[in-house]
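> Hey, can you work out the whole structure from these sequences and the hints?
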Amino acid sequence: MVAYGLYIYDRHCQCCFYSDLDQRPYPDPGPSTLPHVLPPPPPTPNPAASSLDGAPLPRDAPPPPPQQQLAALDDAKGKGRLAFDEEAKLVFGVVFSLRNMVSKLSPRDDESFHSVSTSAYKLHYLRTPTAFHLVLVTSPSHPSLRPLLQQVYAGPFNEFVVRNPLASLDTQVGGRGIDNRQFRRAVEKMLAAV
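1 is the number of the first residue of the sequence shown in the UniProt record's numbering; add one for each residue after it.
Hints were generated in silico from the structure; no laboratory data involved. Just so it is clear, the structure is predicted and the values come from calculations on it, not from any experiment. All the given hints hold, so there is nothing to weed out.
Derived DEER-like restraints, expressed as beta-carbon distance ranges:
{"hint": "1", "residue 1": "Arg176", "residue 2": "Ser141", "range": "27 to 37 Å"}
{"hint": "2", "residue 1": "Ser97", "residue 2": "Thr128", "range": "12 to 22 Å"}
{"hint": "3", "residue 1": "Ser139", "residue 2": "Val173", "range": "31 to 41 Å"}
The C-beta atom is built at its ideal place from N, Cα and C for all residues, glycine as well.
Pasting the structure below:
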């Protein structure tokens, strides 16, 4: 069982936090990606110091031609991934559409959409009283992780974001995502146990 990523959306449906738990290729930030939403990119090795297959070059060997270097970096960067803002919009679009469909078809008035499963992944969903949306993407074999999302909201989110006077909870006013390193570490620690 694998947890792939956690998305947190604010009341404006803007992704204000993302944590990649699967160590997939780093996504490219899109034009509408808020600052501090994505974790800092991993350090990239110097392409001139190694061959295209990753083996170190001898000191006297000439570096590969620039066209090959750029092609190798483009192939490795975000292989098979959308720009981050497009990925985040698609995830929220799926959740928003399914939540509306379930609320219209359900005979009950309460929030009854908690997760959706496909053959490739499972989305676990929590809408908080403050209109934040937490979406955890896992492998399809996971049981419901809604209690874990409630723990993330009640624990690290309230402790490091809500109670932090320097944190702006409104992305429309502050124009940035959740940039608290302690929050990111606490969330990743909680989700690493999954």
